[in-house]
Structures are given as C-alpha cells and as structure tokens.
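Trainee: Protein sequence lines, in the order shown, are assigned to chains S and L. Take the first sequence: its position 734, counting from 1, is numbered 734 in UniProt numbering, and each next residue is one higher. Take the second sequence: its position 125, counting from 1, is numbered 125 in UniProt numbering, and each next residue is one higher.
Derived by calculation from the structure, the hints in this document are not laboratory data. By construction, the Cβ of each residue, glycine as well, lies at the ideal position given by its N, Cα and C atoms. Heads up, some of the hints might be wrong.
Said to hold, decoys possible - Take a look, some chain S residues computed to stay more than 12 angstroms from chain L by CB distance:
1. V303
2. A825
3. Q830
4. L872
Unchecked claim - Ranges of calculated distance between the beta carbons of each label pair, as one might list FRET restraints:
5. L:A56 / S:S433: 19 to 27 angstroms
6. S:P899 / L:G61: 56 to 64 angstroms
7. L:P160 / S:D523: 38 to 46 angstroms
8. L:S172 / S:K859: 23 to 31 angstroms
9. S:G404 / L:G61: 50 to 58 angstroms
10. S:E436 / L:P160: 32 to 40 angstroms
11. S:S433 / L:L437: 19 to 27 angstroms
12. L:A56 / S:G934: 44 to 52 angstroms
13. L:R326 / S:S433: 36 to 44 angstroms
14. L:L374 / S:T222: 26 to 34 angstroms
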Amino acid sequence: MAGSAEKSLPDWRPIALNCVSNYSFLYGAAHPHEYVERALTLGYQAIAITDECSVAGVVRAYVAQKDVAASLQLLIGSFFQVEQLGVLIVLARNRQGYGQLCRLISRGRERCKKGSYQVSADDFLSGLDDCLLLWRPLNDLAFSAYHQALGEAFPQRLWLAFSRHFCVDDASQYRRYNNYHQQSRLPVVAADEVLYPEPGRQPLHDVVTAIRLRQRVTEVRTQLRPNAEHYLRDAAQLQRSYPQDWLAATRQIAQQCSFQLSELSYEYPAELVPEGLTATAYLRQLAYAGAKERFPNGLRSDVQAKLEKELALIAELRYEYFFLTIHDIVQFAQQRDILYQGRGSAANSVVCYCLQITAVNPDQIDVLFERFISKERDEPPDIDVDFEHQRREEVIQYIYQKYGRKRAALAATVIRYRLRSAFRDVGKVLGFSEQELAHYLRQIDRRDQDTPWQQQLVQLQSGLATTERGRWLVSLTEQLLKFPRHLSQHVGGFVIAAGELADLVPVEHASMADRTVIQWDKDDLETLKLIKVDVLALGMLSALQKMLQLVRKHYQRPLDLAGIPTEDAKVYAMLQRADSVGVFQIESRAQMSMLPRLRPATFYDLVVQIAIVRPGPIQGDMVHPYLRRRAGEEAVTYPSEAVRQVTERTLGVPIFQEQVIKLAMVAAGFSGGEADQLRRAMANWRSTGELQQFETKLISGMRERGYSLDFAQRIYQQICGFGEYGFPESHSASFANLAYASAWFKYHYPAAFYCALLNSLPMGFYSAEQLLQDARRHHLTVLPVDIQTSTWAHQLVAMQNGYAIRLGLRLIKGLAAQHVDALLARRPQQGFASLQELRQLGASPALLQRLAAADALHKVSGHRFQSQWQALAVKAEQLPLFSTIDDTGSDRATLQQLPTPTEVSDIAADYRSLGASTRRHPLALLRERRLLRGVRTATELAGCRHQQVVCVVGLVTCRQRPGTAGGVTFITLEDETGMVNVVVWQATARAQRELYLTAQLLKVYGKVEIHGDVIHVIAGRLEDGAPLLAELELQANRSRDFH
Amino acid sequence: MSRDKLWWYLALPQLLLDEQLSLQSEIQRQQPQVLCRSDGQRARTVVQANTAARHAGVKLGMAEVTASTLVPELQQRTYDEQREEQVLQRLAQWLHQDIAQIALYPPQGLLLEVDDLQRLYGDYAGVQRQLARRLARVAVGYQIAAGYSPLVARILAQVPQLSFEPMRAAKSELLEKLRQVPLRFALLPAAQQQQLENVGIQCLGDLLQLPVGELGARFGRAMVAYVAELQGELLPPQRYYRPPLKFSERLDLMTEVASWQQLLFPLRRLLQQLEAFLQSRQLSVVRFTLLAHHRDQSQTPVRIAFALPLWRQREMQQLVQLQLERQQLATPALELSLRADAFQAREVTATSWLPAQQDATAQRAEQQQLQALLGKLQARLGTAAVQQAQAQNDWRPEAAQQWQTDLQTAKAPSQGLPRPLWLLPEPEAIAVHEWQLQWGPERIQTGWWDGEGVLRDYFIAVDALDRQGWIFRSHEEWYLHGWFS
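In isolation and in its complexed conformation, chain S is listed as follows (with noise of 0.2 angstroms):
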C-alpha cells in the first residue's frame, strides 16, 4: 500500500474525524479553534472535535466555525479509551444523539473521582441510537468478542476506523482492517488521529505527553510518537494514504450528522410559575406587588414607563423563567433572613428592583437597562447575587434541594497554563532542575510591561539563549501558555435546567464534596446563550447583618437594610476625615487617601469614589482632572455635545466602564457591534490580548472627529486599565450602597460596627488587631477574654457610659467552636469555680492550656503563669472526679514561686495566642520608656508644618507597591494613636532593602506633605525599630506583606 495514488474522487474534500484538542488535557495540542482555521485554509468539508470522554472545547471551535458554517461543517463527538475493547469515537448525529453522547460522557464521570472517568463495553450497547460509532479495536481478540454486539446496537451506524501516520506497523494494521472487513462486513472508514493542526507542533505535543507521565522526555521517548504525522493533512496526503472507498466512507458519515450546537437552546425550571398562569403574566404580576413596596409613594410616570419597557423586552426575549428563578432563591434568602443584593448590570433593572433582587433606588442612578438587556446584543442577562458569606452555603443547598442535583450544577472555570506554571512543567520534562527554574522565573519582573518575559530572560541570562535546550524552554514555554490544564468549578455560577442537565452538556465531579460541574466555562454559556445564576459569597453583607441584629437587640431599634436613614451629612463628614477602616470598599490604602480628596457629600460622590480608584481611571489619568473639577479648579468643559452626555454626570470625566464604551460609539464611530466586541475585548484583555486591534481605529476615529491625540490616547489607556478592573457605574452603585450602610453603622453605633465586623472575620482589609486598634482610638473599650462572661462570638456589653466589646474567644486560636459551645452550655450561673471544675464538665487539657495562654483563666486560677501551670497539671487520663483537693493545695504551694507576668510579657503572650491585644499599644510603652524622644506620634503630624522634617516610628502594618504607583511603596505605620502613611520612593527603598522589606517596627526620618486633610511622610531614611523591641522583649508579627 505504499503510496499508491489511485483515481481521485470526484470533488471530495477531506474530512477529519477524530481532532483531539487540548481540552483533552496534555493529549492533544491545539486549541479548538486553530483545527478550524487550519481545516479552513485546506478546504476541509467537516471536522469532528472528539475530545476524551469531554465536549469541554467544542464551544471553543464552535465560535471559531460559526461564521463560516457554511463552508465547514462541525461535528461534535467524543472519544473513549475501553478496556479490552480500544478506542471508540462517538459522533452526535442530531440533538438527541448529542443528549445521549453528554449523558454517556456524564456517567462515565460519575464513576469516577475528579478529572478521570471509566466507561465499559456495556455503556456503548445501548442509549447511542442517535449517535454513530466509530472503533479502533485493541486486537483480534477485542474484535471478535464485541463486532457482533456493537454491530447490533449500531446497526449502519458503526465503523471501523483506521488511521495511517507512516509508522512501523501500518502494512499490518492495513491487513488487519482488511480482515476484519472481511469476517464482518463493517465498513472501514480513513479517520486520522490529529493531534495538532501542524506537524511543526510535534515538539509540543511530545512535551505536553511527557508532562502527562511526569517524566523527562527522555525518559518517555518510545511513548512518544515516532514522527510528526498526527496533523490535519491536506487532500493530496489523505488520497496517498487511505484507498477510496475508506475516504468516501468520511463523507457518509459527516452527511448523517446534522447536529449543531445552535439548536441547544435552555429550558428554564417550570414549577416556578403557578398554574392558570402564563410566566410573562405571573412576572408582571410579581413586579407590580414588589413596586407598591418599593415605591409606597406611587409609581412615578417615567419609573413605570421603564417598567413597562423592561417587561416587554423581558417578554420579547423570553427571559421571565431567569427573573423567577432568580426571585425564588432571593425570596428563600429573605424567609431565612439571609441578607443579599444584586449586582453588577442588574442594578440596572427596574424589575429587578421590583423583585427586590437589587437595592439600587432607580431614582439614584441613571439606569441604563440597554446594559443589562439589549435586543441587539441578544446575549443573557447577567444578574449576580451576593449573600452573607457564612450563610451562601444554605442558598446553594436550597438551589440543590429545589431542583435536584440532576438539574443544578455549576459552571466550570478552565484553568490556564500561565507563564510560571508553564516555564515550570516545559522546565522539569526538560531535563532542567527545579532550582534552575526558580532562579530563571526569579529575573522575570511581570511588573515590567515594556520588556516581554523572553527577553527579560535572555537579557538577564544570556546564557539560556545560547543553548538548544535554553531555546525550547523558551519557545515550547510560549506555545503552552493558555492551554488548559484542567476544569474546576465556577465561583457560585449555578446552571438550572427544566429537565435533565446532562442533556445539555456534561456533568462531573467538583474537587469539593457534594458540588457538580459542568464542562463548560461561563463563555461558553455565554456563547450558547444560556443562562447561569451567579450565587456569590460577600463577607459585609454577613457583617451588616450582625449590625443591624446587634443594633435590634440592645438599642431596641426596629431597623433593616433598607431602614437605614439616607444622605446623612455627619456620615459622610467622617468619611471625608478618611476615618474608614471597615466600611465596605472604601477602606483601603488607596481609598481612604481619595476620601479626603473627594471629600463625598452625596451617595452618587460614594458611587464615583468607589469606581475612582480603580486601575482604569487610574491608567487613563482621569483621577485629577476630576479632582480639579470637582474642587473648582478647572472649568467643566466638554469637547463636543455627544462627549456631554455621556459625561455629564461625572464633570466630563470618564470614570465608568459604560462610559468609555459610549464614547468609542459617540467619539470615535464603532458601531454597536463594535462596541460589543470592545467590551467583550476589555473583559479578558489580559488573557487574550486582543484590545490592541482597537487602539488604531479608536484613536483615528477620535482624530477624525476633532478630538485631540491626548484625550483619545487617555481613553484608550482607560479602556486597557479597564480590562480586568473597570467598575460600571451600576455595579459601583451597588458596592456604594453597602459602603454607606457599614459607615453609617460605623458612625451611629460604632460598638455594633466593630463587633459585627470582628464576629464577620475574616473578610475585608483588616486583620482584628487593626480593627480592634482603630475600635481603640474610637474611645471604646474593649474587655479581655474571659472564660466566666466571654461567648465564642464577641459581644456587646452594657457599661455605664454606653456598650462596650467583650472579645469572644474566637479570637484565641487553635479552639474549635464545637468545643467551646459545649463547655459554655454547662458554665455555672455564678461562674467556673476552679480549673477542676472546668475539666469536670468537659474542657480537655489542651483547650485549658490554650484558654490558661490568652489569658481567659485569670478569673478562675489567677493570672495567666499560674492559670497555665495549674493547667498543665490536669492530666487527660485522669478521672475528674478522683481529682482531690490536694492539687490545688500543692499548686497553691508552688504558685507562690511563679512570678507575675510584665506588662511586655502579658503583651507578647497576647500576640501570640490572641493576634490582638487589650492591652496598651506596644508603642505607648516605648513612649513611656522615654525611647521615643523626638519622636511624632500619628496625631501630631497634622499640627506640623508641610514639608517639616519628622521621626516617627510604629508597627508596620502594611506594605503595599501597586502596580499603578510607578515604584512607590507605601508603608502604614501604627502607633498608639493612629496610623502614618509613609512613601518610599524606589531609590530610598533600594538603598534600604533589607529594612523596607524585613523590618516589623521601623523608625522613619522624612518630611510631611500635608494637602488639604491628606498627611504622608516621605522617607528620607529608614532604621530598624528592631533593637527597641528589644528593650521590650517583645516580637510583634502583625505585619501584612505585599499582596
């Protein structure tokens, strides 16, 4: 059979029926979409993609092959490797055939634990009516024993398929096909096993193999294939490989398979509609109910105008199913008190509101329901739920009870191979050592994004370049970047079908218990239009909610999220002191130096702080013309009609994510669709990069229409520091509602707001030290734990002048909550008499041993020395009730000689047990001490003058170097009374690596800069603070690194 060209077919074209992609993880070596192109350019009739035991890239091919349907047909399939048996290719003929092909694929997942799967003989006998078979079978023996069954069960519908890739056994595997053929009468049908798109993609493929058996590719070579025959070949090589009739057999069977992946279309849940009702009815009747509450005034003309506009397009669309099922799970929420919002683009619905998915007032913002729903997009809308993050799991646990595990999954998240994991797994199958790799990764700054990683390296070691093995590392490192490497499960995106999900698209095992997934990732389901309900987890809203419980219970104050008083000028004044931490979005470093900036009056001043600081703005330099602006130091001015109605409401500056999109529309002429593209573009630049292809035709589109270069070239960058980060304006509006709730707490009932937060850990930016600090300097007290009045939660307490924080013992680590609850159940009204009695009702020794090292004991067995060494005695075999009281009298002996602890020692010991400290401040023992002369305290800076030379020393609390900071690190110090911003400004922090990096108390020589209520100290040289801890004795480990 060497090479004989006989006659060729009347215009054939060459089908592919076996393209294994990557989504076959670290088997095939292409993405999905590159087999389309490729099969393109060589004018293929059709592809299958048949991934293993998966339909995860076929969406992925799809987008790719869509708009040229015509041209190439797309076949979707799957193959399996059967024991005993081979390999058996199934291939969708129709819808149902595709059903059946994902509920195969399901079961034999199901079996089996995540990222595997195990099928049998008897899964291919029966439910496959719709589908056709193709078997490469293992030998002889697995022909004769399975030929007649599967012929049976596919009856016209199996093939035999054989592939030829110039190897060493091909002449006999042609005699073998042949005899096969001739004992059954089963066709034969040429079905290459492509691997890659091109046979200069061998290099890769053998890599990613040897990564699949974690051994060098040295060590794997004869696994590997012997040439680089496994691409899609075009018709010349196809008609020298495979007699005519084998090839004519492809086009049989890609004329049976009509199936397209457009015909999925989702079907919603039903029983959410009563009877007698239609759904679009039932919705409207449920919007209106929810507008008299939202709206008790009445409805205001324009609000039901939108309303009315909204149903409609709802209706048109046929969406009513996704606003009932997403009522239903916020109905559930509200039944158990759980609090959530909606956010993101359905904070621009009315109807949303209505059915109190969202909490953003319409009358607040200017709602844009073209964002959330447009005809012309045609794409689902997208609504996001936040619930309580200590409660999400009850919402999922419903979604699973009410629908059935068979009907609710959660979408799936690809994981990507990015540069490091990459370098990494190219590296050791290599041959290079782990610390070879490290030492290459280490010289490649991801900050820098001037200089491409590959030239980083070669610059900094030039070596790499000059060797072969150097030159792949790099170049197969290249190839393999954004290959998936494995599915895992989508953050709270669940999918809801009416019937069963597997019809759909299959379904596996989640890495977490209990949890399924399907093999698609949320662009997928975009792509196919389908709808996924994003139940998310947000730590403030579980924070609100103890407040606003904390707040009913001991000031009696009947109040609810929606209760809370707006527009409250004193709120805002604290905010404008930048006195933030805690509040929700507006307590970071970046945040709290805007506030007194900005200096928000009004909740929409709330909506543009919390978008401000953001990379996008930050990027564009948008930042200080709206600051100038707003502060009256610039005329508002706008270059054109069009720019001032889409800035209008933010001083002509471009602040939110929709308002740029606008003005690529209105300013530099995209159409719709391009605008489309550009925000699709925007969401993943980073991974795909393709916003680039934008730059020319926005900034030429600007140009044309009279803008200048700069400010197109500022909207450009916007768009690109947008990317990941940009905030729409109605997604900010619904993070600024809960930022107005937390500071309104924070200043009427500051006690609830820290217990709340501190019982809500961990969440947000701050550890409970620093809250507790702030909670400090805010005149509360905060008591001690301790074992006769402490909770596991920590509590509020009446004092005389007000409430005050009773820490829980949560706080103390290493104690199981379980644990605790039980012993406290049994506390004695009058309080635990001794440590025996303790151990008789229950508390082991090490939990007596970790209450005896927070201190919680004092009241018990006096102060925390004698408590522990009172502890250690308590032995775990011991019978509590033969303990005598002969312990107690020799301890009473013994104590006599434990010293009591110092005030530094009770501090340390705090730190370690506790993370936190009801003590003093470390630093107002070093002031005491008279260590600190000369010395600022955080207050004092601001009666200095701007540009002062200072000292101040303090615990360093946060290094942070942004990205967007050009070199800066900036420093928080605490001290006693406060916080100190300090910048180091890169020169200062090369010189003074060791310190800026490592140091725990740093004393910092500068100058203030003082603008407006904004102080910072600028670095001039830094000192270790380490030999005045040690003065104390005291280590503090309390410092966050760089994130």
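Take the given structure of chain S and dock chain L to it, following the hints.
Mentor: Showing chain L alone in chain S's frame:
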C-alpha cells in the same frame, strides 16, 4: 560520679554549606549563597547562609522570597539533611584519627569525650590545639563548648555569646553560665518550650528553680531526666562512632621482586586473607587496589576490577593473574599491599539477559559459567573490549542501541519492531536506483530535544544481489542503514 567526666561538643551550624564552599573557587565563595528548606506547607526559609549573604542582610529563618528580593544575585540551593549527615560522618572519620570517642549528633554536631586525651596531649589546651589544626584543614565553621554532661556541652555550644575559654571550667562555673541560657537554646521540643514559656520560664535558671516533682507531673519523665542531665546527675550512655569497613594488608617480600609474575605467589596470601575477611562478613568485592612498594620511588598502584562480585581466593587469583599479564613493573618491589574499601553484600544476582529456561540450579550453574567466561574475557581483552548490547528507548535506530561494559544491569531488549539484525555503525550513502523498494515508508521524525533530530523515511528494499537492506531517505539523499539477512 567519683571523677567529673568532661565532654566537648562541636556545633557545626553550617556544615553542609561549609562543605560546598570548600569545593568552590575563591571568587565563587564570595558570592552570596544560602541553603533553604521548606517545612511542610510553609514557605521555604533560609537555614544556612555564607558570610557574603549575611553581610547583605540575609538572616537565618528569613523567607526565601524575602532573601532573594533583598539580594537578587543570591544563589540558593536546597538544604539536604541526608547529605549533611554524610558530611558529618566524614568529619567524624577525620577526627577519629586523634579522638577515639566521638558520638554523632546528626546532622550538625559531634560530641567528644576528651578525658583520656589530655594525658596524651599534656592538657586540654593541647587537645584543643590538635583539634583546631584538624578542623582548619577541612575549613568548617564550628562552635565548641565543654560540659560536665553531654547535654550541657550541647546546649552551651549553641549559645553564641556563651562559648568561652578555657575549655576546662569548674562545674559550678558552667552551671552558672547554664542558668543564663535563654529557653530557645534549651534543645527542648518546640511544644514543650512553648509550654514552659507560657508559665513564664525564660531561661534555664528559671527552670532549675522549679521543683522537679512538679515539673515531672506536668511534663513527664523525659523532663525529669532532662533536668537531671542539666545538673550532671544523669549521664546517658553514648553510642560512639565506628569507622567504616576497610581491608588493608601489607606483605614484606623479603627480596626485591622484578615482575608482576613473580608477585603472584605472595599475592595468594593476601587474597586468602581477603577471602577470610569477606567470608566472615558475608561480603564480596568487585574492585581493589594492589600496590607495589619500591625502595626509593613512590608506590605503583594497579587497579583490579571484576565484571562480577567475587569472594573466593581461587577465582580472584585467576582473574588477577590475567589482568597482571598485561602489566609491567618498572622498578623492583620490596613490599606488596592490597587495599579494598568497596564491598557488596552477597546475594544471588539474577541477571536478566539470559533466556529463562531449564530449572533454577542448572540455570544458575550455566549463568556462573557464563559469568566466569565473561570475566575472563574482560580480564584478558581489557574491560572496554567486552560490551553488551543495550536497548535504549528511542525511535531513532542509532540511539536505540547502545553498547556498555557494565554487564550486570542489562535491560530488556527492544520490542519486536522489524529492525535489521545488523545495523551499520554509520549509514552509508547509496544510489537508490540500484535498489528495489519492498515496503515503506516508515517515517521517523524525532529527537528535537538533543540536537540530533532526524527526519527519515525508511524502506525495506533489495539490492542487485537480492540482499534485503534497510534504507532511508533524508533530505532527498538515500542511505543504507542495515541488513536484514
């Protein structure tokens, strides 16, 4: 204790790094370098650092990330406890020349019993001078301290400021020093140290003040023993170091002998001694060194190697004889010695390259014969002349077959590919028109990773003489690569 015993402890905090530095050039040594270790989940931290790294601000316990941000040119390697222990073994062997009683405290310490030595060296100062000389030769950094119990010496040797002279201090003086030692140097388990700190114990003095009974009730017997050892009331027995196995025997020849042949007879004696040595330890040997010692010149070594491990004098004699036939003795020898230090445990080595057949005993007998033959062949022809074909895992034919002299570790031959029996050492260019293609092509395109990548289409073809050959095309040129018959 009638007589106060005295221990010295050598703490070697940078043993592994020092060893690595000693192998580097002066310039290399000046580069900042560290050894790092990761403890389970935690980030890698610096455990040893050279002077340059310390000057640049690197501290022990610092996260590796911080250290390399601090000193971008920092060289970091992974700390390997096993390797450090090996270095410690070698150091013990080195010191064993002077000091008989050495106990290993791996990975970084040696305990020395020096009482008997002071007689030899006059006084402790003499012992110390000798020790310092030895240690200077191996360029290892150390801290040394004396103690009236091993534990005391160990503790004092770790405390930087407390190392002191002279090495022989009165017990009361040592105890006084000991009381000041902070708890973190106490060599207690971390959990216990923390518990003690939790009751306000900061130094060993605080600990020694507590009633032992109370301590025992809280921390168990080990703590009681610990305190007793601190006070010198308990001296746990030590396991002393024993140097590794070696065979070294020397024979006076009485007269000058001019050739190796004449040495064969006396050699027999040495080999008999070796056989006895091996027999008593159930060992075998694959190589040793014969040394001919001359009157004036330095000795002549001859390295003897066997293809397979042996222990019988007769077999060894035969093979040594063969190997010596090819040797010349330049100057007459006065003495002959034999040194062996690499041994193998005896086991029935199942060699994999013989076909499985017959019953086990017959097979073993045949195997032994074959081994003996191979051994003789190698002895006669030189090691490199007898090689075994070794199948390599590679698609490239020339890389798939390699020859090696180590006859013991042959792996399974390659799978049944249609490959010619006789592969030419180098492919030969041919004129393809003289050949008739029978089957093909088999395309081999691989090997991109080692710079010897190939792209060839192989065919089976017959030449004018009807011989079946394996030919290939590469870059439009044709080559013959092997013959099938």
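Trainee: All hints, please: hold or fail.
Mentor: Results for each hint:
no.	hint	in the structure
1	V303	55 angstroms, holds
2	A825	27 angstroms, holds
3	Q830	27 angstroms, holds
4	L872	4 angstroms, violated
5	L:A56 / S:S433: 19 to 27 angstroms	24 angstroms, holds
6	S:P899 / L:G61: 56 to 64 angstroms	29 angstroms, violated
7	L:P160 / S:D523: 38 to 46 angstroms	60 angstroms, violated
8	L:S172 / S:K859: 23 to 31 angstroms	44 angstroms, violated
9	S:G404 / L:G61: 50 to 58 angstroms	54 angstroms, holds
10	S:E436 / L:P160: 32 to 40 angstroms	35 angstroms, holds
11	S:S433 / L:L437: 19 to 27 angstroms	47 angstroms, violated
12	L:A56 / S:G934: 44 to 52 angstroms	31 angstroms, violated
13	L:R326 / S:S433: 36 to 44 angstroms	42 angstroms, holds
14	L:L374 / S:T222: 26 to 34 angstroms	28 angstroms, holds
Against the hints set out earlier in the document, violations occur for numbers 4, 6, 7, 8, 11 and 12.
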